[in-house]
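Peer 1: These protein sequence lines are chains C and R, in that order.
Numbered per the working numbering, the first sequence spans residues 1 to 222.
Numbered per the working numbering, the second sequence spans residues 1 to 222.
Note that these hints are calculated values from the structure, not bench results.
The structure presented is a predicted model; accordingly, all values stated were derived computationally and were not measured.
It cannot be assumed that every hint is accurate.
As the list claims (entries may be wrong) - Label pairs and their in silico Cβ distance ranges:
no. : chain 1 : residue 1 : chain 2 : residue 2 : range
1   : R       : A214      : C       : A202      : 30 to 40 Å
2   : C       : E155      : R       : A31       : 33 to 43 Å
3   : C       : D127      : R       : D61       : 22 to 32 Å
4   : C       : D83       : R       : R45       : 20 to 30 Å
Claimed, not checked - Straight line, CA to CA, 16 Å or less: simulated EDC-like cross-link-like pairs of lysine to aspartate or glutamate:
no. : chain 1 : residue 1 : chain 2 : residue 2
5   : C       : K154      : R       : E183
6   : R       : K154      : C       : E155
7   : R       : K154      : R       : E183
8   : R       : K154      : C       : D184
9   : C       : K5        : C       : D61
10  : R       : K154      : C       : E181
11  : C       : K154      : R       : E181
12  : C       : K154      : R       : D184
13  : C       : K130      : C       : D96
We put the CB at the ideal spot given by N, CA and C, even for glycine.
There are 2 protein chains.
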Amino acid sequence: MAEGKSFAVTERTVPTRARERASYDEATVHAILDEGYVCHLGFVRDGAPVVLPTLYGRVGDRLYVHGSTGSRPLRMAGGRSADPGLAVCVTVTHVDGLVLARSAFHHSINYRSVVVHGTAHQVTDEDEKKSALDALVDHVLPGRAADSRPANAKELAATAVLRLDLREVSAKVRTGGPNDEPEDISLPHWSGVLPVAAAYGAPIPADDLAPTIAAPDYLSAR
Amino acid sequence: MAEGKSFAVTERTVPTRARERASYDEATVHAILDEGYVCHLGFVRDGAPVVLPTLYGRVGDRLYVHGSTGSRPLRMAGGRSADPGLAVCVTVTHVDGLVLARSAFHHSINYRSVVVHGTAHQVTDEDEKKSALDALVDHVLPGRAADSRPANAKELAATAVLRLDLREVSAKVRTGGPNDEPEDISLPHWSGVLPVAAAYGAPIPADDLAPTIAAPDYLSAR
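Next up, chain C with everything else stripped away, as it sits in the complex (with noise of 0.2 Å):
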């Protein structure tokens, strides 16, 4: 198998333990981004962190995530090219099972995150914005982008979008059952992994939609 792109490992991509379970790989990154819709989004104000969970798009080797152009990090990262950015950490996490191991030291989950660390700036290019809005709007719903309304120019100034180059990046994965001592496997414990994934049910129409207009095919697709 042709080994594909890995992003360079740096100090700070190093896990302290677990090692492991640690990926570079620059597909299993993108793999894990796509699935997801929400990040939680790390910044320190006045010296002190600062976590919020926040929708994002990924183009490329860019990551995005919006606000209104009054929120927080958005009016920290400042509104020019020229500005020096906001240092931030992006984690985005996807639970897959409950690890019950008879011991209750042993129990964990599997899961699939990726860390991005990286100094985040406003998308002052109006194309660029435009692309990274679509790519968010796509990432909560695969082809929703292209069956909605694009934000028009009031929208658009009122949105301010930031950007995340995709460089200092890993991705922490596991999989598996649970590892029990062997002094513990006699123990009367079940032992084993509870398969967790988002399940999505039937879709709600808004009060005023049309009863003509049908739900299209691709809410499907979650």
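Fit chain R to the supplied structure of chain C, relying on the hints for placement.
Peer 2: Showing chain R alone in chain C's frame:
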């Protein structure tokens, strides 16, 4: 209806936007925390933010996260009760639905999140540490702590637990359908909500599980 206990509002728990979604009600905060088991733990390292997914548990008005004694945030929090602790932000997010508006701009998600700001300290009291670890296991699966082998002295020594008091806390909740602009209602795009929830699959027994040990009833709680 009697008003329940509320958390004091501070400058950093007031959102800069969508303030109507913010809540400081203790029962609301506890319910959101108790439904989850993975948080995103933020801290500052060399001036830059770090956000890591990790398991957590709640006991009363205290939140606990754990890790190897060698893991970075645990080491940074110090090991003695006199240590200054580690400034953290712990965020828990549940996604309840994808909100599809006619306009790209009004796309959103329904969610419930809790953000806790504060200083985390290593737990040095042995009994508190045991209760915290029970809470962590029971967050993953309620009822599981009593049905697993408790940590022994060696495991307890290898595990560090951080305590974060629930003082500076806010919840944020979005529910309901899309908020389309009146002039967009007649557009031909489907509009509404796609509900999301975590779904749990059939338990997968460990390879070395004795076939006489059936999956316990509390597994169906998920």
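Peer 1: Is 20 to 30 Å respected by the C-beta to C-beta distance linking C/D83 and R/R45?
Peer 2: holds, 23 Å
Peer 1: Taking only the CA atoms, is the gap from R/K154 to C/E155 under or equal to 16 Å?
Peer 2: Cα-Cα ~58 Å, so violated.
Peer 1: Just to be careful, I want the Cα atoms of C/K5 and C/D61 compared with a cutoff of 16 Å; is the pair within it?
Peer 2: holds, 12 Å
Peer 1: Taking 16 Å as the top limit, are the C-alpha atoms of C/K154 and R/D184 close enough?
Peer 2: holds, 15 Å
Peer 1: Are C/K154 and R/E183 close enough, with their CA atoms no more than 16 Å apart?
Peer 2: Since the Cα atoms of C/K154 and R/E183 sit roughly 14 Å apart, the hinted pair holds (cutoff 16 Å).
Peer 1: Indicate whether the distance between the beta carbons of C/E155 and R/A31 respects the range 33 to 43 Å.
Peer 2: Holds - the Cβ-Cβ distance for C/E155 and R/A31, about 34 Å, lies within 33 to 43 Å.
Peer 1: Take the C-alpha atoms of R/K154 and R/E183, compute the straight-line distance between them, and say whether it is at most 16 Å.
Peer 2: Answer violated: R/K154 to R/E183 is near 66 Å, above 16 Å.
Peer 1: Quickly compare the C-alpha distance for C/K154 and R/E181 to 16 Å and report which way the hint goes.
Peer 2: holds, 13 Å
Peer 1: Hinted pair, alpha-carbon criterion (16 Å max): C/K130, C/D96. Please report holds or violated.
Peer 2: violated, 33 Å
Peer 1: Verify the proposed pairing of R/K154 with C/E181, using a straight-line Cα cut of 16 Å.
Peer 2: Holds, at about 13 Å.
Peer 1: Range first: 22 to 32 Å. Now tell me if the beta carbons of C/D127 and R/D61 are that far apart.
Peer 2: Since the Cβ atoms of C/D127 and R/D61 sit about 50 Å apart, the hinted range of 22 to 32 Å is violated.
Peer 1: Taking only the CA atoms, is the gap from R/K154 to C/D184 under or equal to 16 Å?
Peer 2: Within the cut-off at roughly 15 Å; holds.
Violation of the numbered hints given earlier is confined to hints 3, 6, 7, 13; the remaining hints are satisfied by the structure.
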